[in-house]
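Chains as they are written, first to last, in the numbering used here: chain D, 4 to 297; chain C, 313 to 662; chain A, 860 to 1141.
Since the hints were derived computationally from the structure, they do not count as laboratory data. All of these numbers come straight from a predicted model, not from anything done at the bench. Glycine included, C-beta positions come from ideal geometry on N, C-alpha and C. Incorrect hints may have been included.
To be verified - Computed Cβ-Cβ distance ranges for the label pairs, DEER-style:
| no. | chain 1 | residue 1 | chain 2 | residue 2 | range |
| --- | --- | --- | --- | --- | --- |
| 1 | A | Val972 | C | Asp320 | 50 to 58 Å |
| 2 | D | Thr258 | A | Val972 | 31 to 39 Å |
| 3 | C | Thr531 | A | Phe978 | 29 to 37 Å |
| 4 | A | Met1045 | C | Gly449 | 33 to 41 Å |
| 5 | D | Val155 | A | Ile914 | 38 to 46 Å |
| 6 | A | Phe978 | C | Arg493 | 29 to 37 Å |
| 7 | D | Gly199 | C | Ser350 | 44 to 52 Å |
| 8 | D | Ala182 | C | Ala375 | 51 to 59 Å |
| 9 | D | Arg154 | A | Val972 | 48 to 56 Å |
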Amino acid sequence: MQAKRTTFPNKFLPYWLLVPQLAVTLIFFIWPAVQALKSSFEREDPFGFKTTFVWFENYRRLLVDPMYVGSLGRTAVFAFSVTALSMSLSLILAVAVNRVLRSNRAYTTLLVWPYAVAPVVVGILWWFMFNPTIGIAPYLLRGMGIAWNHRVDGNQAMIFVVMAASWKQISYNFLFFVAGLQSVPQSQIEAAAIDGAGPFKRFWTIVFPLLAPTTFFLLIVNINYAMFDTFGIIDATTQGGPAQATNILVYKVYTDGFLGLNIGSSSAQSVILMIIVIALTAIQFRYVERRIQY
Amino acid sequence: MATINIVDLQKNYGPVPAVKGINLSVEDGELIVLVGPSGCGKSTLLRMVAGLESVTSGRIEIAGRDVVKAEPAERDIAMVFQNYALYPHMTVRGNLEYGLKNRGTPRAEIDRRVQEAADILEIGPLLDRKPRQLSGGQRQRVAMGRAIVREPAAFLFDEPLSNLDAKLRVQMRVEIRKLQRRLKTTSLYVTHDQLEAMTLADRLVVMNGGLVEQIGTPTDVYDRPATLFVAGFIGSPPMNLVPLSAFSGADFSALPPNTDIVGIRPDALLLERPEGPSVTVEAIAELLEPIGGESHLHVKLTGSNQSVVLSIQGRPHVDEGAALTIFARPADLHPFNSATGRRTDDPATA
Amino acid sequence: MIENRPFLAFLTHLVLIVGVVIVVFPVYLAFVASTHGSGDFMRGLVPLLPGPHLIENYSFMLNEGISSAGAPPLWIMLLNSLVMAISIAVGKIIISILSAYAIVFFRFPFRMVAFWIIFITLMLPVEVRIIPTFKVVADLGMLNSYPGLIIPLIASATATFLFRQFFLTVPDELMEAARVDGAGAMKFFRDILLPLSRTNIAALFVILFIYGWVQYLWPLLVTTDSRYYTIVMGIKRLAATADSEPQWNFVMAAVMLAMLPPVLVVIFMQRLFVKGLVETEK
C-alpha cells in the first residue's frame, strides 16, 4: 500500500495516532460483529439460563421460514424498485440541469437539499401526504377512482415506501449524475453533433455510455441505501406492515431481535446481512480499483 | 563553512542497489555538481546527505561530524527542491522564517536574516505574498531564500531549475552561480542537464548506474572523458564514438594497442586539412542542420554505415549526397576500449 | 448546448420544474400544516395554503412540547441533536485524520492490519449488528448518555480514506522541506498538514454533521431517558401519537424544525457539501 517516499522515523507515534480509531472500531464494530457471529450458532433456552451450540440450525430454520424468505424477496423488490425509480428520475433531472446555463445553480439548490432530511422524517412527510383519512394523495387518487389505503393493501404499501425511499435518494443520485455529465468531454459531444447526431441520439450513443462508471457506482450505492438506510422510512410509515408486506430484512432484524428478543435467529439474520454488505462493498471496490487503473 | 566527506556510501532498496559505494570529498566553499541520467543514483546520494534517505552502509561527514544517524534538521544543511516545496499556506516571510523559528532563533536575528536574504535575492516586495501569487522564477528565489536564511554548513540542490522554462533556467543558473560564489557555501547540486552541470560546477561528478564514472573540473571532464559513458554524456552534440572497424583507409597506428573505439568531438572534425599531422576519412554528406552561428553536418562514413556528426562554424555549402574528406588532429582523438569502457591512453587505467 | 431549439429548452425547464415540485411538495405540505390550528384538520383534507398559527405552533413546540406523547420541549431535543451531530462530525474528523496521518506518513509493523481493520467498518453498519452493539454499550454503562450516543458512531473508514487520498497528493517534498527545517512529526502535522487540509475538513464536516443529525436507529436504542432524546427520534414518537390525537400542526412544526438545521447547512454550504459528498465516495 502506498506511503510517502520518506516517512517519519518515530517508532511508537503511529500506534498512538491509530489508537482512538482502532479502539472504537474494535469495541463497537468488530467485537459486536464477532458476538453476532457467535450467537448465530447458538440457541438460548427461554429463561436465558443456558445456551447451546447448534451449528447452522438458526440459519436452516431461517431459510425454511416462509416469513424470512418472503422478507428476502420483498427486500429484493424494494431495493430494485427504489434503485430504478430514483436513478431514472435523477438522470432525467441531471441531464436537464446540464442543458440549462443560467439557472442551473438555482435548480441544483432546489433539488439537492433532501439529502439532509433524515429517513425517518422522510417517512413522516410521506405518511402525512398519504394518510388515508386526511392525506392529500388518497383524496386525489379517490378522484381518479383509486381507493388508496396502504394500511390494508400490501401492494399499495410497497409502492408507498418505494416512492418515499426514492424521493429521499433523488438528490444524491442527481449530484453524482451531474458530476458525471460534467466530466463528459465537450469535444466528443461536438464531434457527434458535427457527425449529424441530434440531441437525443447524442445522449444515447455518446453521453450515456460515458456515464456507465457513474451509473454502476450509483447502482451499488442505491442497493446499499435501500437495504440498510431505509430503516427510518419503514419505521415511520408502515412498520413492516400490512401483514409483512413491507417488512424488509433490516427492519425484520430489529423487530425480531429487539422487540421479539429471539437472539439466535436475529444474529443469524445479522450475519446474512453482513454477508450482503460485504459482497456489495467488494463489488464496489473491485470496480473502483479498475477505474483507477484505466 | 564546511567540508563534506562521503566514504564508501551504499544504498539498497531491498535487494536492489541504487548507490554502489561512492567516495567523494567536497572542499569548503566548493560547488560540486552530481550529473547523470535519471536512475543513476545522484538524487539518492543527495537525499542520503540530506538525511531524507537512510544509508545502507558507509559514512557521511559534514564539517567533520558523522551525520549518518542524524535527523535532517541536525545536519546543518539546507535544501532546495525541484518543485520548490514552499509551504502554500504561509507567506513568503513565513516560509523563510519557519526553519529558524523551529530552531528557536531569536526574533531580532530572524528579522535580520530574512531582510538580508530578501535583499540578496531581491524578493523584498514579495515577503507578504503567498507562493501561489508568485511566478516560477520568484518561487525559485524564495526557495533559495529559505536555504540562505538558515546560514547552513552546506546547500543541497535537487534539480532546482528543471521546473523553469528554458530562458528562465539560464538566467537562474547564472544567479545561483553568482550567489554561491558570494556566499562561499559548500554546495552539492544535482542535475541531469549536462550543460547546467558544466556551467555551474567547480567540479563535476558524473554518475551512472549507482557508480561514479569520473570526478573532475568541467574542462577536465570535457577534454579528457575517462570513460565511454562520460564521453557520450558530456557535450552537445555528443561526442562521436566510432568503432575502429568503421573506418576504412584511416591510419590509427599511433593509438594505444588495445583501442577499439575512438571518440571525436563534433567540433574536432574538420572539412579542411589542418596544419600539422592529421587523420583523414572519406564520407558522404547526409543532412545539414544550420542552427544559427554553427551548423551540424550529419555524414555517413564511406565503407560502413556509421553516422558521424560534425559541428562547423558558420554555414558551409555542402550538398546533401556529396562526397567529402574529413580531417581530424591526432590530439583530438579519444581512444577507448569497449570491453573496459575506459580510455586506453590513461596511465592509471591503461 | 449546441443547437438552439425552443421546444427542447421548454421541455428542459418543464422537466426541472416538475422535478422541483416533486421534491418540494411533501415539505410544502408539512410547512402548511405547521401553520394551522389543530381544528383545521377535522374537515377531512389537509389545508393547502399557509394558516395564521405559524409562530404560535413553533414557539409552543420549542418551549413546551407534548408531554403526553413523551416528548420534551423541542429545544432540548434540538440541542441534543446539535451536540450529537457536532460531536460525531468533530470526533470522526479527529480520529480519521490522525489514523490517515499514521498510515500515510509512517512505516511500521502492522500498518496493513490497521488499514484493514478500519476498512472493515465499511461493511458493518449499525443496522446489521444492532443487538450486540447495544449490549456492549449497555455493559459499558453508556446508555442514556452523550458518550453512548456519540462514541460508537465516530469510527469512520470513509473519512480516513478521504484524508489518506488527500495526503497522498501532498507533495513528498513538502514534508522533506519541513524536516530539513527542523519540524518533527507532530509539528509538521500541526503547522503544514492541518492548514493544507482545511477545505477537506470543512467539506467533510458538512457531510458528517448531516450524518450525525439524521441518526435515528442508534439514539432510539440507547436513549430511554427523554433528556437525551434527539429531535429526529423524538418526532417519531410525536408522530406515533398524532393519529389518535390529531395534533398535526404541532407534529409538522416539529418536523420542520428537525429538518431545518441540516437543510440550511446544505443550502448555504452547497459547494463544500458537494465536494464532501463526491469526494468521500471515491
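Taking the hints in turn, this is what the structure says about them:
1. In this structure the supplied range 50 to 58 Å is violated for A:Val972 paired with C:Asp320, their Cβ-Cβ distance being about 38 Å.
2. The supplied range of 31 to 39 Å is met by D:Thr258 and A:Val972, whose beta-carbon atoms lie about 37 Å from each other.
3. The beta-carbon spacing between C:Thr531 and A:Phe978, approximately 59 Å, falls outside the hinted interval of 29 to 37 Å.
4. Between A:Met1045 and C:Gly449, the C-beta spacing of about 34 Å keeps the proposed range 33 to 41 Å intact.
5. A hinted range of 38 to 46 Å for the beta carbons of D:Val155 and A:Ile914 is consistent with their spacing of about 39 Å.
6. For the pair A:Phe978 and C:Arg493, the beta carbons lie near 56 Å from each other, so the given range of 29 to 37 Å is not met.
7. Checked against the given bound of 44 to 52 Å, the beta carbons of D:Gly199 and C:Ser350, roughly 48 Å apart, stay inside it.
8. Our hint of 51 to 59 Å for D:Ala182 and C:Ala375 holds, since their Cβ atoms are close to 55 Å apart.
9. For D:Arg154 and A:Val972, the hinted distance range of 48 to 56 Å is satisfied, since their beta carbons lie about 51 Å from each other.
In summary, the numbered hints that this structure violates are 1, 3, 6.
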